[in-house]
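Taken in sequence, the protein lines are chains A and S.
In this text, residue positions in the first sequence follow my numbering: the first is 2, and each later residue adds one.
In this text, residue positions in the second sequence follow my numbering: the first is 2, and each later residue adds one.
Warning: the hint list may mix true and false statements.
Partial pick of chain S residues on the chain A-facing surface, computed with a CB cut under 7 Å [said to hold, decoys possible]:
no.: 1; residue: Thr6
no.: 2; residue: Thr34
no.: 3; residue: Val36
no.: 4; residue: Gly37
no.: 5; residue: Arg118
no.: 6; residue: Leu191
To be clear, the hints were calculated from the coordinates, so they are not data collected in a lab.
In this text the structure is predicted, and so the values were computed from the model without any measurement.
Yeah, the Cβ is synthetic: ideal placement off N, Cα and C, and Gly gets one too.
There are 2 protein chains.
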Amino acid sequence: MTNPTAAMLVIGDEILSGRTREGNAHHLAGELTRVGIDLREIRVVADGHETIVAAVRALAEGHDHLFTSGGIGPTHDDITAEAVAEAMGAAIGVRDDARAILAAHYTRRGQELNEARLRMARVPEGATLIDNPVSAAPGFTLGNVHVMAGVPQIFEAMLAGLLPRLAGGAPVLSQSLGVDRGEGDIAQALGEVAAEFPALSFGSYPFTRPDGSHGVNLVVRGQDGAGVGAAMVRLQELFG
Amino acid sequence: MTNPTAAMLVIGDEILSGRTREGNAHHLAGELTRVGIDLREIRVVADGHETIVAAVRALAEGHDHLFTSGGIGPTHDDITAEAVAEAMGAAIGVRDDARAILAAHYTRRGQELNEARLRMARVPEGATLIDNPVSAAPGFTLGNVHVMAGVPQIFEAMLAGLLPRLAGGAPVLSQSLGVDRGEGDIAQALGEVAAEFPALSFGSYPFTRPDGSHGVNLVVRGQDGAGVGAAMVRLQELFG
Chain A
2 MTNPTAAMLV
12 IGDEILSGRT
22 REGNAHHLAG
32 ELTRVGIDLR
42 EIRVVADGHE
52 TIVAAVRALA
62 EGHDHLFTSG
72 GIGPTHDDIT
82 AEAVAEAMGA
92 AIGVRDDARA
102 ILAAHYTRRG
112 QELNEARLRM
122 ARVPEGATLI
132 DNPVSAAPGF
142 TLGNVHVMAG
152 VPQIFEAMLA
162 GLLPRLAGGA
172 PVLSQSLGVD
182 RGEGDIAQAL
192 GEVAAEFPAL
202 SFGSYPFTRP
212 DGSHGVNLVV
222 RGQDGAGVGA
232 AMVRLQELFG
Chain S
2 MTNPTAAMLV
12 IGDEILSGRT
22 REGNAHHLAG
32 ELTRVGIDLR
42 EIRVVADGHE
52 TIVAAVRALA
62 EGHDHLFTSG
72 GIGPTHDDIT
82 AEAVAEAMGA
92 AIGVRDDARA
102 ILAAHYTRRG
112 QELNEARLRM
122 ARVPEGATLI
132 DNPVSAAPGF
142 TLGNVHVMAG
152 VPQIFEAMLA
162 GLLPRLAGGA
172 PVLSQSLGVD
182 RGEGDIAQAL
192 GEVAAEFPAL
202 SFGSYPFTRP
212 DGSHGVNLVV
222 RGQDGAGVGA
232 AMVRLQELFG
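So here's chain A without its partners, still in its complex pose (with noise of 0.2 Å):
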């Protein structure tokens, strides 16, 4: 069974800069290998209109889904609705969904849905919301797009409410086991197990311990349970 794609479109200016260092990726992925959708690409842009479309084009094409952060909020660079809008060839202005979300919000604060905020009513037609539950303001499922908050608290809340609704696969299950031995010493025979479970997929990742000591984490990941397991019986007895 083939899972359903994925791609991650990031918008942001302060991570390019360096100045914030990205907090949505890595929760995504977690989530997305849990419910059997392969993240195959991330892809982290600048706030520029054609940049956004250009991303939000190949990117929604490319994959069955395509979730974004970041861009949604009330201020002049908060420009991610509007580029998905003109991407995905839909309309775009205040709903009144929208809007009566954020009316109740800002009633319940004592605060006033300005002009400003209002901005964050500007939904395409046709989309489906995304529940916010940390600060109201939604996001939106347009076509394939799924349109989510930069924050990371409240990507996360939104995400938890959107995936119950996605079509998920088989999730790919992981076992590890640790090597004291240098990667390039159990490269080949590492080589030759992978060959012989071509339906899994082989990682080695080297690491060194504070002490100076160092040596290999060996991930085995596949859909199939049991050849996981024979594969990792492989590397126990080869390296164990």
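For this one, chain A is given, so just place chain S on it according to the hints.
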């Protein structure tokens, strides 16, 4: 003055599966900003030959520099060097200069330079080696593509050796101002200040403190230090 542009390509199934958190992009972004090279895009792709070839071609053509991270070790899944060579139309084989570096390193450690380790001496013709003071196996620069290791300690050491070779531009300066107000309360005025200073970039980053209070961090960035200072004065008048 227009700064040179750059992209980063991270090769790693383990990042896309959520097993490992990407560890080099944030460091590269900060270092490039410091030397005046504009990082425009970061892309993470899987360990597939055609995937890497296509990404190297696309990113090397569109930027002055492409920095890659990952996939240059001794195991079967280390396929970056071959893919970069193909993307750039260069031949690749075990090179005497790289072999000599590895031979000296393993002789010193009393380890064997076996066939797997010799893979790390496969370097494209015409490439310049990038020194690896941590574990010897070199990276390389081929055309405008700089190929480095994925292990953060090695990536950072290689980058430190590489950067002085590259011509940078004007470093991008930044100043920030924390404001104890909602992003939606300041968005309109912030947009007006941004319009007053078109050469600068203005970002706003909402945060929530552990006590539940929140605010927004305003960041002004640009090559013109006096302009950044003047914009900060305006922001302080408005929000300070």
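Here is how each hint holds up against the structure:
1. Thr6: violated (11 Å)
2. Thr34: OK, holds: Thr34(S) within 7 Å of chain A, min 5 Å.
3. Val36: Violated - the Cβ of Val36(S) stays beyond 7 Å from chain A, reaching only about 11 Å at its closest.
4. Gly37: At about 12 Å, which exceeds the 7 Å cut-off, the nearest Cβ of chain A leaves the hint on Gly37(S) violated.
5. Arg118: Holds. Min distance 4 Å.
6. Leu191: holds (6 Å)
Violation of the numbered hints given earlier is confined to hints 1, 3 and 4; the remaining hints are satisfied by the structure.
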